[in-house]
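Colleague: One line per chain: the protein sequences are A and B, in this order. Per our numbering: the first sequence = residues 1 to 967. Per our numbering: the second sequence = residues 1 to 377.
Heads up, some of the hints might be wrong.
Claimed, not checked - Here chain A is said to cover these stretches of chain B; the calculated rule only asks that three of the stretch's residues, wherever they fall, bring their Cβ under 8 Å from a Cβ of chain A:
{"#": "1", "segment": "58-69"}
{"#": "2", "segment": "119-133"}
{"#": "3", "segment": "259-267"}
{"#": "4", "segment": "304-317"}
Unchecked claim - Think about it this way: if two alpha-carbon atoms lie no more than 20 Å apart in a straight line, the pair counts; the simulated PhoX-like pairs of lysine-lysine are:
{"#": "5", "chain 1": "A", "residue 1": "K380", "chain 2": "B", "residue 2": "K104"}
{"#": "6", "chain 1": "B", "residue 1": "K142", "chain 2": "A", "residue 2": "K380"}
{"#": "7", "chain 1": "B", "residue 1": "K142", "chain 2": "A", "residue 2": "K597"}
{"#": "8", "chain 1": "A", "residue 1": "K943", "chain 2": "A", "residue 2": "K559"}
{"#": "9", "chain 1": "A", "residue 1": "K788", "chain 2": "B", "residue 2": "K156"}
{"#": "10", "chain 1": "A", "residue 1": "K559", "chain 2": "B", "residue 2": "K104"}
Hints in this document: simulated from the structure, not taken from any laboratory. Bear in mind that the values here come from a model prediction, so they are computed numbers and not experimental data. Here a beta-carbon is modelled for each residue, glycine too, at the ideal position from N, C-alpha and C.
Chain by chain, the residues:
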Amino acid sequence: MPPFETSDADYGAEFSFAVEYSGPPVTYDLPCAVPIKVERIPVAAAVAQVSLSDKLSLPVVQPLLAPDPRGKKFSKELKTLGSDSSTLVSPTSVIAFDRNNGRDCKELELVSEATVSPTSVIAFEEGNTSNRCYFRSDELSSSRALEFSNGQYASGELCDVANSSREFGFSSISHEHSPELLGGAGISSTIEFSDSFDKSLTSSLASRVSCSQKESLDTNNDLSQADWVSNESVSSFDYPSSQVSSMKVVDGNNESKCELIRTPVVTFRDFESVDAFDEEYTQDASEKRMPQVKGKKGSCYRCFMGNRFSEKEVCIVCDAKYCSNCVLRAMGSMPEGRKCVTCIGFPIDESKRGNLGKCSRMLKRLLNDLEVRQIMRTEKLCDANQLPPEYICVNAQPLSHEELIILQTCANPPEKLKPGKYWYDKVSGLWGKEGQKPSKIISPHLNVGGPIKPDASNGNTQVFINGREITKVELRMLQLSGVQCAGNPHFWLHDDGSYQEEGQKNTRGYLWGKAGTKLVCALLSLPVPSKFSNSCGEQGSNIVNRTVPDYLQQRILQKLLLVGYNGSGTSTIFKQAKILYNEVPFSAEERENIKLKIQSNVYGYLGILLEGREIFEEEELIDLKKKHCSRIIDPSGNTGNNDDKTIYSVGPRLKVFSDWLLKTMVSGNLETIFPAATREYAPLVEELWNDPAIQATYNRRSELEMLPTVASYFLERAITVLRTDYEPSNLDILNAEGVTSLNGLACVDFSFPQSAPDADIDAADQHDSLLRYQLIRVHARGLGENCKWLEMFEDVGMVIFCVALSDYDQFSVDGNGSITNKMVQSRQLFEFIVNHSTFDQMDFLLILNKFDLFEEKIERVPLTQCDWFHDFHPVLGRHHSNSNSNSINNSPSLGHLASHYIAVKFKRLYSSLTGRKLYVSLVKGLEPDTVDAALKYAREILKWDEERANFSLSEYSIYSTEVSSSQ
Amino acid sequence: MSVAELKDRHVAATETVNALRERLKQKRLSLLDTDVAGYAISKSRTSVSFGPTDLVCCRTLQGHTGKVYSLDWTPEKNRIVSASQDGRLIVWNALTSQKTHAIKLPCAWVMTCAFSPSGQSVACGGLDSVCSIFNLNSPMDKDGNLPMSKMLSGHKGYVSSCQYVPDEETRLITSSGDHTCVLWDITTGLRISLFGGEFQSGHTADVLSVSINGSNSRMFVSGSCDATACLWDTRVASRAVRTFHGHEGDVNTVKFFPDGNRFGTGSDDGTCRLFDIRTGHQLQVYHQQNNDNDVPHVTSIAFSISGRLLFAGYSNGDCYVWDTLLATVVLNLGSLQNSHEARISCLGLSADGSALCTGSWDANLKIWAFGGHRTVI
């Protein structure tokens, strides 16, 4: 297993462990950093119960004395905690440091550090302690450490020593569960380690002193730092999940650095040895994440080797620098680009935005081309690295996510958008930094930011354009291009360059019209409209078709799952959605496939007809024979051939064709031989269809169970459909069977087109145009008892369940072989889906489909045909006579009554299952308007869902009672 | 013959089959005097013992944003392909833990993925009922996506599992929700043979997993929702060579034993079982006694190179390492530090047996390797 040999030598892995110190506040004199005598080492007090399994034994590792040439003593104690009593923990070499920055008499003991020589092979046993409690304690410690260091800042002196030391213990414990450490050797034993150094602070906390200092380190220090690094790299491993603000990540250790900054007496060496964190720590909680500089200036942050001239890779979040040996370890698999493992999930340092996706030579050397390309791609495109919208202020108003998306996806976006404050003139599209002249003309009429302020560009010319006082440069430009600016006029400048004086109707001229203007603008470095700036009409359509980057797509995509029992019309609705919202609903290839599908369907229908014809012919012949026999008894036993002719008989040529067709159908390879067949048999089909025998059979089609209802639609068009140059119309496609169900699953992305003229009235509407919906249609087949793949749809926003109303008198054979009403089978599927754990708490929209068929059928067949609807007794008695007259509008038709009844049935069922409200929509699958209405209804429900969160709880409860009472 | 008559005869025939099956089961039980563990104990074999550091997580592959559903190693180099619900296939370099390819799929609901024997292309399948082949060497299109090089369509249900025939770059076996398995010719994109289905004897429910015999690539097993596993010969498509009963739940995963004479199964009933393909007997049940009623399902299994260890991922996030001889759990990866936070959905052993990769619903993959100085077993 060479590749995974986790040899320490490879990475110079260092391990450090510490144990939580949560005993009583230390009562004895804290870190007596007098030269240590072994006997006098403070024994660590009770080990915290929380984080360690009960089986732990706590071997104490004797500290080693590291004499300091400068007379400083480091006193440290290491306490290892073997995790498993059954196995021996034997760190074979543990290096401890004594640190004593004994300038001041204040000393504190930090229980926080442990070092293990990287070269030693250590066999640790794992404890069975769960990570969980560590995470918690870690969070706790970090936040407390934050407070603590705040206090320090203020006082400059550390007094609550005991308190702090405890926290440090916490944090260091949490470090032990690091992927790194495990990667190395799977260690979970903890070493408690106390470090003592004095605490005194200066206010110059924030400065990163380490950068300005050059000093060599002796090896001892190196080791201690290495240890810190490993500690640190681990410590924030769990931060991304725990969404703490980056400020909280400040480990308490950074005061150690601060202290050193203050005392100039402290040598560099000391500074570096103690300095653990280079958190730029300011009290206004700036959101910057800084790495922990422990090494000398310019060395790698992980191994502390090298100098500032050696090549390094930089973390785009915290600015940590790693040498080529360490970078892969420190950055892991780089799911968000070049970030330390601990920085994953954090926003990047804005000053490094320009470097996103620009690869260094070092990575290229370490990794192959493909890998580098992937890293750079994700670095540029991943969600966490995108510009945070609140960093961009437009007209003194921070942007929201949607506004930023609008800004970035508009036809003419501001390029290389950096965080900052901007002004934006919505009328003309002028764009500039706050307090400065315009820098660019972007797409006008974008709904971003607040209203423009008069002093946006800090002008003092008393001349206004669109309510903004313009700068001197702009005024100069206006003058040079011949605009009358006397008398401090207020102009309206439109996006097409036309301008007029405020309060006047007539256009004074076109600003960009003259060639000279552009030259002047170039001279004064003012923006001119780009060639691409179009009128806003074109822009609207652009939004729909523009390809959006992945990260945006995921944010704005809403998924709708469309399910329904076989034959409930899900595919019709799906196709309808495609036709409704897609400019090109079906590609040429798709159309070709659909055409073939329709044609082979028609052959199939013909086959069924022919089969029926044979049966009818036989029946007829038997009848004839009977009649014959009754009339004359043939002595020879041979009936005359002439008598075989019935109206169902066909000529020999057609007979051959029909036999062939039936044979291919039975063998089940109609589809494989099919395309060639069309060309050959098209004329024959025409002949066949016109044959009186077929027509006679067709007239008895209601007796052919196999023939679906849509067959008549196509059979009547059989001749046109079966031509080779046939182009299916949208209606043909809607009617066609099996076009979408070739695959088990089909999905279509769409967005609702804006209702064109009044689109810009409502601000919310504009955001909607960005929202994309994905309609996913799954086949009911396979939605069995143990359906394993339904859980894949846990991220859908809503389930649309489709029921064919006209199914109430239909029966089919279910899985157990018994004949069941189709409506009841629909209900069973509905119950199954609603009860499925994946769709817990999800909204359901019930589509009652095929209302047109239903209306027609209900007049003929009573609804009580279906057992479930046995108590349907419409109060139609007195109205019924009236309904014949067709004139009374206020009495609902039987169809409506029945559909409402069915809707209520389903609603009751749903609320008995979930206690929530079922949304219902009545749809005629073949009519685009009703499908459109249903899908828009779905959109409203989704929107309401989002907004519901904004309502207070009480309001919501009122709402919900309303719902339940209304049912 | 009337329809009613036919139906009666069908019912009678079904009853006969069931009765015979029951008799077969009884007979097998009476013949089964011991299982592997019983025999091993009687020979006083001792269980493998594992220190907690012997198997450690040495890499975490982060990059997916959805549940990981499937993974596969290359036979040669240390590369892994993984399929996730974020609609991507990612090809990883297991040594550097970097991605080499991220393939955006036309259908996001992917369930399975596989590396070709040469490592040049990957296959995947899912709810779109299509098995898609991507050639890793083909140039990217203008959006930076890898174009699909072949679509194997023909299944009438989701593609639940796919595996390349060892050493044959153009042959692939898929299993599907339409109750069948199919052997494909990738160059033509056509089916070579169809195993099971309506008119043939085979599975009677969704097929969830296939595994091809490593030593005799003509044989493969499939596990299905009908709680059975079937052994197939690719030359005889019409019927299964043998059907293995025993499980009481859906068979989620099947895997051939390294010697090719046995195979293991993992099921919704919470057990793993070992079957012998020559006798048709069940050799051993691997079942962890659980107090609570909620039995975790076995989602995926893998054997170590020697076959002594069986790695099994469970739906509750556990991953047991079984000693196949003594049927004892030697280690639970789910309780180690750094383990996955959600269900382990797939696992696989690298070709040389040096590392185990697990994929989980927490969107990460982890590579586990032997951390101690033990020889590979």
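Colleague: Each hint needs a verdict: does it hold in this structure or not?
Modeller: Right, here's what the structure says about each hint:
| no. | hint | in the structure |
| --- | --- | --- |
| 1 | 58-69 | holds (count 7) |
| 2 | 119-133 | holds (count 4) |
| 3 | 259-267 | violated (count 0) |
| 4 | 304-317 | violated (count 0) |
| 5 | A/K380 to B/K104 | 16 Å, holds |
| 6 | B/K142 to A/K380 | 17 Å, holds |
| 7 | B/K142 to A/K597 | 32 Å, violated |
| 8 | A/K943 to A/K559 | 13 Å, holds |
| 9 | A/K788 to B/K156 | 16 Å, holds |
| 10 | A/K559 to B/K104 | 18 Å, holds |
The structure fails hints 3, 4, 7 (numbered hints given earlier, in ascending order).
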